[in-house]
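Put together the whole structure using the sequences plus the hints.
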Amino acid sequence: MTGAATNMRLKLPIICFILEIILIILFGVLVEYDEDTDARKWHSHNHSEYDNEFYYRYPSFQDVHVMIFIGFGFLMTFLQRYGFSSVGFNFLIAAFSLQWATLMQGFFHGLHGGKIHIGVESMINADFCTGSVLISFGAVLGKTSPVQLLVMAMFEVTLFAVNEFILLTILGAKDAGGSMTIHTFGAYFGLMVTRILYRPHLDKSKHKNCSVYHSDLFAMIGTIYLWMFWPSFNSAITAHGDDQHRTAMNTYYSLAACTLSTYGMSALTAHDGKLDMVHIQNAALAGGVAAGTAGEMMLTPYGSMIVGFLAGIISVLGFKYLSPILEEKLKIQDTCGVHNLHGMPGVLGAIVGAVTAAVASTDVYGNGMKDVFPDVAKGDIQPSAQGGRQAISLAVTFGFALLGGLIVGFILKLPVFGTPPDTICFEDNIYWEVPGEEEGHEGQLTAVRAEESQKLDS
Amino acid sequence: MTGAATNMRLKLPIICFILEIILIILFGVLVEYDEDTDARKWHSHNHSEYDNEFYYRYPSFQDVHVMIFIGFGFLMTFLQRYGFSSVGFNFLIAAFSLQWATLMQGFFHGLHGGKIHIGVESMINADFCTGSVLISFGAVLGKTSPVQLLVMAMFEVTLFAVNEFILLTILGAKDAGGSMTIHTFGAYFGLMVTRILYRPHLDKSKHKNCSVYHSDLFAMIGTIYLWMFWPSFNSAITAHGDDQHRTAMNTYYSLAACTLSTYGMSALTAHDGKLDMVHIQNAALAGGVAAGTAGEMMLTPYGSMIVGFLAGIISVLGFKYLSPILEEKLKIQDTCGVHNLHGMPGVLGAIVGAVTAAVASTDVYGNGMKDVFPDVAKGDIQPSAQGGRQAISLAVTFGFALLGGLIVGFILKLPVFGTPPDTICFEDNIYWEVPGEEEGHEGQLTAVRAEESQKLDS
Amino acid sequence: MTGAATNMRLKLPIICFILEIILIILFGVLVEYDEDTDARKWHSHNHSEYDNEFYYRYPSFQDVHVMIFIGFGFLMTFLQRYGFSSVGFNFLIAAFSLQWATLMQGFFHGLHGGKIHIGVESMINADFCTGSVLISFGAVLGKTSPVQLLVMAMFEVTLFAVNEFILLTILGAKDAGGSMTIHTFGAYFGLMVTRILYRPHLDKSKHKNCSVYHSDLFAMIGTIYLWMFWPSFNSAITAHGDDQHRTAMNTYYSLAACTLSTYGMSALTAHDGKLDMVHIQNAALAGGVAAGTAGEMMLTPYGSMIVGFLAGIISVLGFKYLSPILEEKLKIQDTCGVHNLHGMPGVLGAIVGAVTAAVASTDVYGNGMKDVFPDVAKGDIQPSAQGGRQAISLAVTFGFALLGGLIVGFILKLPVFGTPPDTICFEDNIYWEVPGEEEGHEGQLTAVRAEESQKLDS
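Residue numbers (my numbering), protein chains in the order written: chain A, 48 to 505; chain B, 48 to 505; chain C, 48 to 505.
Derived by calculation from the structure, the hints in this document are not laboratory data.
Just so you know, not all the hints are guaranteed correct.
No copy is singled out in the list; a pair is fine if it fits within one copy or between any two copies.
[As the list claims (entries may be wrong)] The calculated BS3-like cross-link candidates involving lysine-lysine, where the alpha carbons are at most 30 Å apart (straight line), are:
#1 460 <-> 253
#2 321 <-> 253
#3 460 <-> 321
#4 253 <-> 367
#5 321 <-> 251
#6 417 <-> 88
#7 321 <-> 255
#8 162 <-> 417
#9 162 <-> 460
#10 378 <-> 417
#11 253 <-> 417
#12 367 <-> 321
#13 251 <-> 162
Now the structure itself:
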């Protein structure tokens, strides 16, 4: 693998142009405005302009959008020399994924006379699917070329849509915030891909696989935005009214509790009682992941807090004790620790969702049952059966993620995608024109040294 | 005070876990979903899902949330080696305070059959109360351990709730944007705490109590977010309709005018006619603080601009001339200058509110009087009496803030909280694992020096 | 031009105070709350508080506000030593412009009994006009004093309002997202100003006219915020209902497609197949600019994607090949490359708008025609005539921008505004108190060198 192999002069333009042209053609053939975005259709009915779905989903959409592009993008800038790639590749693969997801989800969510209908709800769903790809990106961060990432995104979006269709439509599970569909799927898919792409000599890039002071501050921008807008994320596509309101509030309290347990566990486990930025940047978000399934249910505020509290503990313990084991024993090189932020908390969220569903009762839900568990409300199934559906959904998700990651991992090993060699991972310089700074100083230092040495020699 | 004393290995986990477990228990016993978040209650009435309060408060809530976590957090990153603590402790104490405030405010805002009812409005109120704690944090920034901050937050939230209850419920004052309840209270509470915690040898940490180039840019992220979303802050819990709309607009113009007077005063007073980042980062926000009480009233756009204009002038003068006096004569070491941003502009806002209330008339307010001054609309009191209520409220707030700060200051002096010694304040390194960078370079420089010296010696 | 000439001690306070006092007086005489913000007027009608325009425009307003203050401000922080000025002057001139624009647009949008009525819609319009000034700021970035910028803003806002009035009211053109009124106008105005202010010896500041690693990351904050919220920008003042919804969605897909073509073109044209941050930071946004006029029309999703795709290609080609020619041959020193981000994509957007309008039909628009093309719906004109209006509007905008820029450029050459000399452009140090950091290291290096030299000499 030489410089020529990682050169993107032709590879990246070719894949970008081909993918975008295919997207444009497919959109031209298959995609139409929905009732709320089409001038003719919207005005063929008699309703107030203010009834348009735009006013009840768009603020949530924008919060989700910020999480995808700023949240995920900056969360990954913690690496000292990989900030351009973290934000920049996040930007690229997200821009591609949301278009491709519109098509894939459109197929499975039902065609209208052979056409996919789109509006703000499909935009949110596309951003959600994109989030899953970005989770997987976190696992392989620093070790993949942008072409590999686009190929991974293409396959992952497709598999996401199939898995989501099976869970929500065929199995009838509920997963508004995506503990299963987004987090568990994205994490285990990414972990399997990074396992297949195992790099035995990655320790040669080890000195770059860490943060510097300001890179950690940039990462905190990502963390805080994810944390703040997670209530909007989990509630973005629930039923309107109390459901959306309750989901946002449950997530808010889950995250707050998670933050306290994260700080406590970080001081308890880290070196000398000092807080570890890795924990704060990641584990404090686990409460949002873990409230992804049950957030829309009558989880109660204190129930949400318990879930968040546990999620923070599990996540810090994962970073401290499990990640090193995964790397050494299972050869899973998980750059961002997505197993601790999305994997385990996602599974916790799925389990909490299954239990909460199983104990649902009309006493608690009243007529609101029809929004949360429509099949239970109709009397088709018992709450315990709904709990069963949720549990099966988790298993199905594992299957898709691991099998999908396995296949896609091998595809990404093909030697045509310009992957970086083990010796120069975690380095912007391969794919970006990088201006001086740190180098600048070091360069000067070297110059000083050289100069002085010369003088001393003479 | 040794390294052992500031070690957080046990202290921080203990307080985090105990506080969170108490919160969970109290939430379990006392807190319930309100009408708009409970599935059964919401669906027991006949209304459109779109009438849910969520759609009319949640966008404001999210803007406030950004101010609390990004705005306050990054505003305080201006210190060169205290960025982790600024954002990180801000995050920790805010996550705790919003939970605790839910309970404290819930008590005073009225129980429903022994239960606290929560929804988006209580979430906004909890964030508001948290803002007050973060203002006090600004006064003691760099000189306190996270344990001290949590203890301070616990007491301050409680006192905030009592003071707020007296002002809004007993005295019947209006203070939608919290010039009194949030800014004046938070600032003078914090100033009193920092006075009690006076450090005679703080000059030994002086070289760290300043900014570097990039830390000032991070701080500008905080400033700009606070500035942009202040209209949402002041209008977040006013009455719906014209009130909310007018409050946002008044604040917008107050801030714009304040920015111009801040730039003018900064150039006029600072060294060599050069602008001072401290002024821009802080004083430009004073217009939001000063419009906190009167913003919802018929202040008129030009009235708002006059208020903002004056607030900017006062604030810059405070930074330039008053802060040094407070530090030298009164031994008040106010790290962020909260007296200039929240203290004096808060008092200005309270006075403007009292005057604006006193001159209210039915000619101007029409039937809108019932939203802004319900007691005046009912004929119970005259506008001048409402003005009197406002003035008394300011006095009460001063009393609570100063007395509360006095007591809490002495509590925080207890030698069990791991406070840093005077010699290493304003330093992340005590409580955080800090990666190299600045040190890196200095270390290299030292290495060069040592190496060369050796060669020279030999 | 000496240090004394660039000293802002008196110049900046004088202009800030005079401008703000004039604004306050004019607001006092001329400006009133509108129906939705005035307590008496709002309550004199019988309607739900929830019908207030605030709830249907304010979230869009806040997104636009973030673009103006964070988006534009941080986009320009890419320069290594001009971050304070980029964010800080952006802040100052935006705060002034939005007040002045309220008055100027208020005159032209129609007085009510001699008064300007203001509310959230006028706030959005004022922010839009401010955006135009900030585009021009991008062209002259690093080469102007804050006093010059305020003078430029004063004239440019006035001309913007006149041009906008001619386009939208007299000519009856449609331009919701401002491809013409905001982007084309702002870009060509700024390009003409920077042409008139041509600096023959600017190469003496060349070493500062480039980025460093972290300054590029700060700039990405600006880029991503602009990118994310552009759908809100283009849809902020369209008709309610399907129009607003469709505009946001068209812009979303245009931007996504633009991002892929930008990455492809950047790798294709840049050195060694490496991506160039300048392209990513700027060209990826061209899709938003180009969807500014036609976004509200029935452009179709794939149509939007084609427009974005082309905009990205044009923009990267402009940065790579056209900008150097403009600088060398036409003496246009365009610091941020606004010609590539706002100029050419704005013209593209205008042309797309004219064509899309010309092919409008009742088949496609149905009763929605009255919102998008009211004169066509009324039968006053044919769609082709609407297309003609759009084309004429582009020509008028060019005329105003170039002539206005010419005159204002000569005004800014007056030697009283404290413009920096050619040798110290792109440098915060002239107008700001700048703390050490980069200098710190260099200083230390110099010290090491000096020390060692001494030892060697002795």
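**Hints violated by the structure (listed by number, smallest first)** = 9, 10, 11, 13
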